[in-house]
Amino acid sequence: MVGTVVTFLTTNWLGQAILILLECLAVTVPLLVAVAYMTYVDRKVWASIQLRRGPNVVGPFGLLQPFADGLKLLLKETIVPSSANTILFLIAPMITFITALIAWAVVPFDDGWVIADINVGILYLFAISSLGVYGIIIAGWASNSKYAFLGALRSAAQMVSYEVSIGFVLITVLLCVGSLNLSKIVLAQSGWFWNWFWLPLLPMFVIYFVSALAETNRTPFDLPMSEAELVQGFQTEYSSMPFALFFLGEYANMILLSGLGSILFLGGWMSPIPYAPFTWIPGVIWFALKIALLLFVFSWTKGTLPRYRYDQLMRLGWKVFLPVSLGWVVLTAAVLQFGGWVPQH
Amino acid sequence: MLLQAIAFYVFAAVCVASGAMVVVSRNPVYSVLFLILAFFNAAALFVLIGAEFIAMILVIVYVGAVAVLFLFVVMMLDINMTRLKEGFLDYLPIGALIGAALLAEILFGLGVLGGTHQGTVSAFTKAGTQMMTVDNTRAIGRVLYTQYFYVFQVAGVVLLVAMIGAIVLTLRRRPGVRRQRISDQLYRPKEESIALVKVPTRGGV
Chain D
6 MVGTVVTFLT TNWLGQAILI LLECLAVTVP LLVAVAYMTY VDRKVWASIQ
56 LRRGPNVVGP FGLLQPFADG LKLLLKETIV PSSANTILFL IAPMITFITA
106 LIAWAVVPFD DGWVIADINV GILYLFAISS LGVYGIIIAG WASNSKYAFL
156 GALRSAAQMV SYEVSIGFVL ITVLLCVGSL NLSKIVLAQS GWFWNWFWLP
206 LLPMFVIYFV SALAETNRTP FDLPMSEAEL VQGFQTEYSS MPFALFFLGE
256 YANMILLSGL GSILFLGGWM SPIPYAPFTW IPGVIWFALK IALLLFVFSW
306 TKGTLPRYRY DQLMRLGWKV FLPVSLGWVV LTAAVLQFGG WVPQH
Chain G
45 MLLQAIAFYV FAAVCVASGA MVVVSRNPVY SVLFLILAFF NAAALFVLIG
95 AEFIAMILVI VYVGAVAVLF LFVVMMLDIN MTRLKEGFLD YLPIGALIGA
145 ALLAEILFGL GVLGGTHQGT VSAFTKAGTQ MMTVDNTRAI GRVLYTQYFY
195 VFQVAGVVLL VAMIGAIVLT LRRRPGVRRQ RISDQLYRPK EESIALVKVP
245 TRGGV
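Going line by line, the protein sequences match chains D and G.
Going letter by letter, the first sequence gives residues 6 to 350 in this note's numbering.
Going letter by letter, the second sequence gives residues 45 to 249 in this note's numbering.
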């Protein structure tokens with residue numbers, strides 16, 4: 006029975022199509038659950054920082070709160086402003102949500118646990134993450150509202166600026182690995198946890214994390230939706246399911262950038278100590294723990310830091326991160342070349 | 045193979061159709077969005093012939109950065125659509141001429157018109173077979189910084205000139221603008237910025 010199913014799934018073209026579909030579901034469903042609980046953990050962390058309890062009414066410890074919120078958003082009426090461009094208004098949240106999901110196709114969860122092990126995996130991730138800006142800018146324009154439009158313009162400028170430094174961070178890691186394949190990037194960091202790239206490339210790790218905050222429009226860089234001046238930025242006119250798609254897309258993007266951070270700098274699925282009791286734990290759990298660690302820092306910064314001013318944000322991106330990361334690329338290349346450590350393939 | 049052929053025709057058809065929509069759309073924002081769709085389908089076509097590096101770079105550079113700035117500018121401008129379309133027929137001959145020249149170049153390059161250009165085709169196939177052995181990022185890297193080093197540097201210089209030109213054109217000097225100097229603020233000593241005053245009760249400062 007099992008044998009026939011396996012042969013059907015691996016040889017028949019219909020079976021292969023079903024297999025791909027199952028693989029996608031196996032990634033997407035846990036991801037969406039993770040997104041739901043990320044909102045819960047986020048609120049719990051801020052609550053602890055502010056000496057509150059956070060959500061604690063729906064279910065034990067408030068654990069069913071995300072589902073209650075989701076259900077509420079699902080059942081509300083979708084309101085499209087009369088002067089909005091209806092098609093683009095509804096497409097924009099879908100773009101944000103879909104780009105946040107399709108990026109996971111190349112993320113390796115364990116050795117060989119990846120839907121598409123493509124050679125240019127990291128470029129694919131970079132390309133997809135640079136598309137997220139379209140959802141926001143189209144939403145801002147289609148809403149036909151000045152708050153939404155200003156929020157969208159701020160967000161577009163911010164994401165384009167910080168993508169440049171993320172690009173240089175990726176280049177430094179690529180120089181050390183010699184491959185664009187995400188699995189190979191993880192395998193290049195095998196061994197003790199000080200072999201992971203966070204230590205040799207510490208300044209790049211910091212730049213990566215701060216740029217990730219800016220990419221996902223999180224505090225201290227949440228200018229696109231700073232409520233004091235822009236109501237809720239590009240989300241101002243959105244309600245119900247389109248709003249939920251934006252919300253889920255944003256959190257999925259945060260998890261994605263944390264995942265990319267743990268692949269690039271924290272050894273992906275590797276255990277921190279390469280010996281017996283630690284290596285028994287499956288790699289996917291280590292990977293999840295590393296993502297959780299980075300996500301905690303996301304929540305922590307949101308609970309702690311005040312918002313940047315817009316000119317300060319641009320100054321940090323273009324005048325600090327860009328020269329520093331460019332210099333570090335040159336430095337890394339020089340050290341690898343003259344130290345004789347250029348990765349051979 | 046059938047699936048690949050279907051994918052090719054779908055992507056190619058959408059690419060050509062969105063290219064046409066770029067020209068005929070009444071709203072310039074739609075034009076830019078269709079341009080982005082065209083870039084996407086071109087990237088998908090690159091993936092189909094196995095040039096995944098070019099495909100990703102196309103998406104990162106054109107879709108992720110250039111088109112965002114296009115959209116940025118077009119959205120902020122309040123463009124009068126009818127006046128924009130007025131000059132269309134005047135420019136049509138020049139546009140058609142350029143299009144015809146490009147089409148002829150492609151056809152000559154592929155050896156469809158005249159058989160003297162077989163060299164190009166064999167160069168293509170040679171490059172294709174080389175790419176089979178190494179992944180195409182490595183293949184590009186090997187020739188870009190060795191064989192085509194000077195051309196690559198010249199391309200960089202052209203971009204630098206364009207960048208400096210853009211800065212020169214947009215730089216305005218306005219006298220009397222107060223700027224924040226962050227380093228000055230950070231290096232301000234404690235003595236200059238803090239004064240401790242012992243205030244007597246009911247006396248005020």
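Please note that a few of the clues may not be correct.
Stated by the list, open to error - Okay, the calculated beta carbon distance ranges per label pair: (1) G:Arg222 / D:Leu68: 47 to 55 Å; (2) D:Leu68 / G:Gln48: 25 to 33 Å; (3) D:Gly117 / G:Ile211: 42 to 50 Å; (4) D:Pro282 / G:Glu236: 54 to 62 Å; (5) D:Thr33 / G:Leu47: 35 to 43 Å.
For the record, the hints were derived by calculation from the structure and aren't laboratory data.
Note that the Cβ used here is the ideal one computed from N, Cα and C, for glycine as well.
Hint-by-hint comparison with the structure:
Range check, G:Arg222 to D:Leu68: Cβ separation about 53 Å, and the 47 to 55 Å hint holds. The hinted window of 25 to 33 Å between D:Leu68 and G:Gln48 is violated, with their beta carbons roughly 47 Å apart. Distance hint check for D:Gly117 and G:Ile211: the Cβ-Cβ separation is about 49 Å, which falls inside the suggested range of 42 to 50 Å. Distance hint check for D:Pro282 and G:Glu236: the Cβ-Cβ separation is about 58 Å, which falls inside the suggested range of 54 to 62 Å.
Under the hint 35 to 43 Å, the C-beta atoms of D:Thr33 and G:Leu47, about 23 Å apart, miss the expected range.
In summary, the structure is inconsistent with hints 2 and 5 from the numbered list given earlier, while agreeing with the others.
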